[in-house]
Amino acid sequence: MRNIFERVKQWNTLTRIWHLYDAKWQDPFDSAKVIQKYLKGLHKPIYHPLADCGDHVVVINCKEIAMRGDEWRKRAYFHHTGYAGGGTYTLAWELHDKNPLMIMKKAVYRSMKGNLQRRYTMERLHLYAEENVPQDIIENISSVIPQLRDVPMRLDRMPEDQVKGYPKIWDLPKDYVVR
Amino acid sequence: MVFTTVAQFVRANINKIKGPDEFWRKRRIFRLTAHFIGRKRNCYSLAIRGAHRALQYATKGRHLKKKDMKDLWLQRVSAGSEEHGVPFPVLQKGLIRSDVLLSQKTLSELATWEPRTFKALTQLAWTKGVEDGFNRIETLGEPPKNVVTRGMLTKEVYLSDDETKK
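Same order as they appear, the protein sequences are chains L and C. Start counting the first sequence at 1; every next residue gets the next number (the working numbering). Start counting the second sequence at 1; every next residue gets the next number (the working numbering).
Honestly, the hints are just simulated from the structure, not real lab data. Every residue gets a Cβ at the ideal spot worked out from N, C-alpha and C, and that includes glycine. If a hint is listed, it holds; no wrong ones were tucked in.
Straight-line distance between alpha carbons at most 25 Å, and here's what the computed SDA-like set of lysine to any residue pairs gives:
| hint | chain 1 | residue 1 | chain 2 | residue 2 |
| --- | --- | --- | --- | --- |
| 1 | C | Lys67 | C | Lys105 |
| 2 | L | Lys113 | C | Lys66 |
| 3 | C | Lys93 | L | Leu42 |
| 4 | L | Lys33 | C | Ile137 |
| 5 | L | Lys33 | C | Trp73 |
| 6 | L | Lys168 | L | Asp156 |
| 7 | C | Lys67 | L | Met112 |
Label-pair distances were calculated between CB atoms; the ranges are:
| hint | chain 1 | residue 1 | chain 2 | residue 2 | range |
| --- | --- | --- | --- | --- | --- |
| 8 | L | Asp52 | C | Lys16 | 55 to 63 Å |
| 9 | C | Thr117 | L | Asp97 | 52 to 60 Å |
| 10 | L | Pro152 | C | Glu138 | 19 to 27 Å |
Construct the complete structure from the given sequences, taking the supplied hints into account.
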């Protein structure tokens, strides 16, 4: 250790870092692949599978995740109570209505290989449906994981004058019936 | 030597016919199974099966260990290069084209113990990638400006008309 900066550098390398990830309009399954890398510490050059070098990840806006195509209607989550005839299939939109964190949680859980470490790794994942995160969690955060896709601006939430002032190429004819 | 009876011959050559003494023959196996659990440790017929299996595992393990280490180095190097905004394929291709022929193991050790050296290597690879026009290299953002590659030194410089007049 030559000086105080080197000391801080080492401290930074070997401590757990808390990352923030905004899941708004993001694909949960693509996001899970990124998040699990941070949870396991795969993003560090000191990584070793037996070393406990994973970080914490706080995911906000889990309620606002996006799925492609028909996934909300077609993807089914299976649960079995263990009793005969106890199997149920819940569609993704139903599950999301019941618990907005569940899809994200299952996506991250399934993105990791099933081993003894998986349950402990999952404990470092903190999911929140909206943007309000408890103060004791938010004060740890020191890093942000970039979103996979930019959140597009919605037409119905654009300011009125911006929509009005947008350049028009042509006008509809007056007798055209808009359906 | 002359043996008058078969029995005498056998008694003289007992080691060659039967192999070493039973106790020592078994003891060689029991040394291998000393750390096993259960009857595999002390019952000879089970111990020898366990010892055979253990030696087979050891043979496989020697290959697996090399593969595991390669995977680990790859993981570490790609983690290190992504820290500096360069994906691993770009680093690998860029370094090979710049004639920097470092092994995966050396790169991973540099990434851990000499991060500044490793950063310089990623920047070199990035610049080489821009120079050679790697696929989608422009998506990485603004390339570093502090790198001089061999290609830059030999490249002809075309000055605009105003500059040649001066």
